[in-house]
Amino acid sequence: MDAPECKPMLGNFVSVIDDSGRGEGKDATKSNGGVLKPSETYRPLHLNPVFYDQDPSAINKRRSREKVRAAKLLLEDSNINEDEDLPVEVYYGSSISDTKFLKKMREKEKYEEENFTRLPPTKRERLLERRMSRGEFLDSSTRINHIRKLLESSDDEADLRAPFPKVPHL
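Its first residue numbered 29, the sequence shown is counted upward by one per residue in our numbering.
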């Protein structure tokens with residue numbers, strides 16, 4: 029059982045203490061029998077995370093969305109309305125556009141049922157359906173959100189003004 033294949037090869041066992049003093053200027057294959065020094069072992073680079081600068085307008089948009097969401101939650105909370113005796117905001121201007129949209133959708137459904145086909149919804153229809161499902165007014169895109177103006181500080185009011193359409197000068 030003393031076969032040379034079973035005995036350990038002492039050249040492959042390298043200790044840190046033994047390598048530090050010898051073979052500094054020699055090739056790794058000649059000095060240690062082909063074994064790399066601990067300083068020559070491959071260590072992958074440490075990559076630091078990269079944080080991209082956010083667009084400043086994205087921060088303002090996120091802040092305004094959060095304030096609108098807070099205003100909606102404030103108005104939807106019935107306990108706050110009862111306790112604080114807040115006025116209820118009623119707007120009847122969108123009922124005409126709501127009925128027009130619902131009538132158009134009923135006509136479209138009737139056409140699809142009669143002709144056994146499906147018509148793809150347009151972008152406008154998808155937008156209006158989404159607004160209807162959320163309980164928003166359909167023509168609210170043309171109105172100024174007064175609640176947001178009340179919640180914003182006076183410094184931010186200039187940024188939130190509705191942009192006026194540019195009229196070409198004749």
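One or more of the hints may lead you astray.
[What the hints assert, rightly or not] Below are the BS3-like pairs computed for lysine-lysine, each with C-alpha atoms no more than 30 Å apart in a straight line:
no., residue 1, residue 2
1, Lys151, Lys132
2, Lys136, Lys151
3, Lys128, Lys138
4, Lys89, Lys151
5, Lys89, Lys100
6, Lys138, Lys100
7, Lys151, Lys131
8, Lys128, Lys100
9, Lys138, Lys151
10, Lys100, Lys151
11, Lys128, Lys151
[Unchecked claim] Between beta-carbon pairs, the in silico distance windows are:
no., residue 1, residue 2, range
12, Met133, Leu75, 51 to 61 Å
13, Glu94, Lys131, 33 to 43 Å
14, Thr145, Val78, 33 to 43 Å
15, Pro84, Thr127, 39 to 49 Å
16, Asn40, Asp83, 52 to 62 Å
17, Tyr80, Lys138, 49 to 59 Å
The hints are simulated quantities; they were obtained by calculation from the structure and are not laboratory data. Glycine residues also receive a C-beta, built at the ideal position from the N, C-alpha and C atoms.
Consistency of the hints with the structure:
1. Lys151 - Lys132: OK: Lys151 and Lys132 at ~15 Å, within 30 Å.
2. Lys136 - Lys151: Given pair Lys136, Lys151 holds - Cα atoms ~15 Å apart, limit 30 Å.
3. Lys128 - Lys138: Answer holds: Lys128 to Lys138 is near 15 Å, not above 30 Å.
4. Lys89 - Lys151: holds (23 Å)
5. Lys89 - Lys100: holds (17 Å)
6. Lys138 - Lys100: This hinted pair is violated, its Cα atoms lying about 35 Å apart.
7. Lys151 - Lys131: Cα-Cα ~18 Å, so holds.
8. Lys128 - Lys100: With a Cα-Cα distance of about 26 Å, the restraint between Lys128 and Lys100 holds, given a limit of 30 Å.
9. Lys138 - Lys151: The given pair, whose Cα atoms are some 20 Å apart, holds under the 30 Å limit.
10. Lys100 - Lys151: holds (25 Å)
11. Lys128 - Lys151: Holds: Lys128 and Lys151 sit about 17 Å apart, inside 30 Å.
12. Met133 - Leu75: 51 to 61 Å: Since Met133 and Leu75 have Cβ atoms about 53 Å apart, the given range 51 to 61 Å holds.
13. Glu94 - Lys131: 33 to 43 Å: holds (36 Å)
14. Thr145 - Val78: 33 to 43 Å: At 51 Å between Cβs, range violated.
15. Pro84 - Thr127: 39 to 49 Å: Since the Cβ atoms of Pro84 and Thr127 sit about 42 Å apart, the hinted range of 39 to 49 Å holds.
16. Asn40 - Asp83: 52 to 62 Å: Check passed, 57 Å falls within 52 to 62 Å.
17. Tyr80 - Lys138: 49 to 59 Å: Once the Cβ atoms are compared, 51 Å apart, the range 49 to 59 Å for Lys138 and Tyr80 holds.
In summary, the numbered hints that this structure violates are 6, 14.
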